[in-house]
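Go ahead and model the full structure; you've got the sequences and the hints to work with.
Number of protein chains: 4
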Amino acid sequence: MPKISEEKRQARRLQILDVATRCFARQGFHGTSMEDIVRELKSSPGAVYCYFRGKNDIVAAIAEQRHHRESALLAELLASGDVSEGLQHLARAFLEMLQDPKEKERRKVTIQIWAESLRDKRIRKIIERGIRQRDMLTTSLCRAQRAGQLPENLDTDALSRVLLALLQGFILQQAWEPELDTKGYLTTAMHLINSVFRDAETNPVGCERKQLA
Amino acid sequence: MPKISEEKRQARRLQILDVATRCFARQGFHGTSMEDIVRELKSSPGAVYCYFRGKNDIVAAIAEQRHHRESALLAELLASGDVSEGLQHLARAFLEMLQDPKEKERRKVTIQIWAESLRDKRIRKIIERGIRQRDMLTTSLCRAQRAGQLPENLDTDALSRVLLALLQGFILQQAWEPELDTKGYLTTAMHLINSVFRDAETNPVGCERKQLA
Amino acid sequence: MPKISEEKRQARRLQILDVATRCFARQGFHGTSMEDIVRELKSSPGAVYCYFRGKNDIVAAIAEQRHHRESALLAELLASGDVSEGLQHLARAFLEMLQDPKEKERRKVTIQIWAESLRDKRIRKIIERGIRQRDMLTTSLCRAQRAGQLPENLDTDALSRVLLALLQGFILQQAWEPELDTKGYLTTAMHLINSVFRDAETNPVGCERKQLA
Amino acid sequence: MPKISEEKRQARRLQILDVATRCFARQGFHGTSMEDIVRELKSSPGAVYCYFRGKNDIVAAIAEQRHHRESALLAELLASGDVSEGLQHLARAFLEMLQDPKEKERRKVTIQIWAESLRDKRIRKIIERGIRQRDMLTTSLCRAQRAGQLPENLDTDALSRVLLALLQGFILQQAWEPELDTKGYLTTAMHLINSVFRDAETNPVGCERKQLA
DNA sequence: TATGAATGAGATTTCATTCAT
DNA sequence: TATGAATGAAATCTCATTCAT
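Chains as they are written, first to last, in the working numbering: chain D, 16 to 228; chain Y, 16 to 228; chain E, 16 to 228; chain R, 16 to 228.
Be aware that a few hints might be false.
Put simply, identical chains are the same to the list, so a pair is met inside one copy or across any two.
[What the hints assert, rightly or not] With a straight-line cut-off of 25 Å between C-alpha atoms, the simulated DMTMM-like cross-links for lysine to aspartate or glutamate are:
1) K119 to E50
2) K198 to E91
3) K136 to E120
4) K136 to E192
5) K119 to D170
6) K198 to E167
7) K70 to E55
8) K119 to D72
9) K57 to E21
10) K136 to D97
11) K140 to E192
12) K136 to E55
13) K117 to E55
14) K140 to D196
Just so you know, these hints were derived from the structure itself, not from any lab.
Set out below in structure tokens:
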């Protein structure tokens, strides 16, 4: 028997998550008290509990948000028929995301979620769903391999892990050094990736390496 | 109990750190209470405070341990005149480290340290010392570049970041999937890295890719 | 429980101070644990911390209460144009205060506050404000001196100290001997005080007053 | 079976009490830990426990020291046949005591002892012995009264309380204002006291002394 | 739904004291 | 006697959560 519309309810939920994200990015999950969130929200503890079961529920919801965003990015990547091209798109999308100042906060919270996943079953489950998504990337790479875009003897499962690692490492390094040269990192990372793709394609000549704008 | 030797004192310190590491790996830093540590240590709260100022001091000490271990690994890498070869050594050293069951725990704690570094000044300082160590790797890569082992237009700073990311991503993924195919990951990662090194040398032909034992 | 009125809030604050005063009088400040207070309050630790920052804050508040009460007494004394008469009033007011059983507790706590003031900056500040109030008494005595009510060569600053001492000593002795003859003490003290006042009247010359070497 | 002579033992005891007094004066009894004392003593916890049963035992010993010193002073006072003269001596002895820098510390500790006496049975007992000593002063004053040195209708018990209060108040005020004009205070206090003594001499009749209702 | 005072379990830390050496 | 590492009870305070209004 909600007195407010479902729409408003969702809006409020998001607002709470936003504030919580900001707090967690600033003080860490365990350094943020419910009171901190409530104060910044200009609300009351009881109100927050109308939307979330508790503090853990909030983190879980944030983790879920992340998961959806990542799924979307991956879907975009895979939508492109050509994986190599898809990766370029992904890289570009990444650069754009960095414009959003909220995104830096989110990356910091991501690291907290990683840590939290090691002890909170619920977060763990969400992370695991993310882990399983990598399988789709692997499948895609496999297809590329069968299409001759990748060396035959390449372990595509491992390659998808490597690609993921490049992303994860970046998140981490950027949390510590917010001013790091994002473009340089992406260019170099793409260079490495392209090396493998090129290898199979043509190889002898290795002509015109595509560089990121 | 009169004065104990500095030797014994260090041993006790290490024992506490070991137990704490085990607890942190299992329940997370914030999910572990001093009492948990003390119980597993079969000791008393006061005893722990003879060796550490408080809980944060313990995490800091563990972070410090990590830092030293990493420094040692990096030193080993750089000791080898040839960077490419050094990286091979590093990869091999890594494989060995994985034998140590304690190492898995330590990797889990590493992730907690990452998260903690975002809010604890002290941990942050230690991480920053680690960050600065990457410069040495960059310098080394630079030398390799001048020696013609790497493409001239390659951003060595970014490359060292990428190499670091490959490590960090692995730590993360292995924490979630302890059974992941370590060898496969390393082989593939080395493959990518070698691609760049090979690029500069000769490239057109690029045959006989070195694989990890 | 929604917001309570400022009035109720103040009432609750006072209730806590009352209970704390009772506990401190009985077991001393350092012999009273927060749990003791909470138990007697039939409340919970958290509740107390809604009103006070901590244990020290409670003592400070009690010290502050004392300070206000003393200020009021002094003001009453000074309000009377004639100091000599004012002191009589004060003495009488004192006798009345002794009826209040709470007052005995308060005097015991006063001694604790004295002790606490030697190490707690905050309490010290409050005491210092009390110390400065003595100046007003000195001023008043000075006026009486100029009016010929007190011997000319009398050190009014010292006299106000002496008057204060008579009060402080009484507080102390009554804490140890609750049944001491209050009336007798006051009578005798007033006798001494009146001696000085009378001195000026009758013996302008202050016939060979023995002075200390 | 002490291995050290009783003499040495006493010396060590005194040394401990001295250090403890210094600490208590500086940080208060409850702000001083055994470790503080031991550090300043350049000794070990165990050693202190060879001489005292515990922390409370140390305070009790200090209180005892005070008691002895006070007894001595009082004895000196009473030794003089003439009480009025005895009080002069006492005042002078007081001034001398103030030269001793240790004495200031002792006075601060005295206040702590007062506070402690309200909750520690042991200290309380010692204070009570001090309280009983006042009876001797009363007796002495009584004798002076019978000798006509004091007004007949004067309450000698109350007078001795008043005299004591003058001392206690001074101790307190000097703890807060170490630079207060000691000589002035004593002069004025003696002035008041002499007033009563003189009273008897000069006004046998005690001309209409105002009495408290 | 919203409020915010209250709850109370639990966490970290201190410190007087002990006792093996 | 002396040492000082170790003990462990207890103290203060925090904070996620609840529930009467």
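Going down the list of hints, with the structure as the test:
1. K119 to E50: Within one copy only: 23 Å inside a chain, 36 Å across chains, cut-off 25 Å.
2. K198 to E91: within (20 Å within a copy, 30 Å between copies)
3. K136 to E120: Both: 24 Å inside a chain and 18 Å across chains, each within 25 Å.
4. K136 to E192: Intra 30 Å, inter 15 Å, cutoff 25 Å: inter-copy only.
5. K119 to D170: between (33 Å within a copy, 24 Å between copies)
6. K198 to E167: Classified as between: cross-chain Cα gap 18 Å, same-chain 31 Å, threshold 25 Å.
7. K70 to E55: This pair counts as within: shortest intra-copy Cα distance 15 Å, inter-copy 28 Å.
8. K119 to D72: Intra 22 Å, inter 28 Å, cutoff 25 Å: intra-copy only.
9. K57 to E21: both (21 Å within a copy, 21 Å between copies)
10. K136 to D97: neither (37 Å within a copy, 45 Å between copies)
11. K140 to E192: Between. Shortest inter-copy distance 13 Å satisfies the 25 Å Cα cut-off; intra-copy 30 Å does not.
12. K136 to E55: So K136 and E55 pass the 25 Å test across copies only (23 Å; inside, 28 Å).
13. K117 to E55: So K117 and E55 pass the 25 Å test inside one copy only (16 Å; across, 42 Å).
14. K140 to D196: between (33 Å within a copy, 21 Å between copies)
Comparing the model with each earlier hint shows a violation of hint 10 alone; every other hint is respected.
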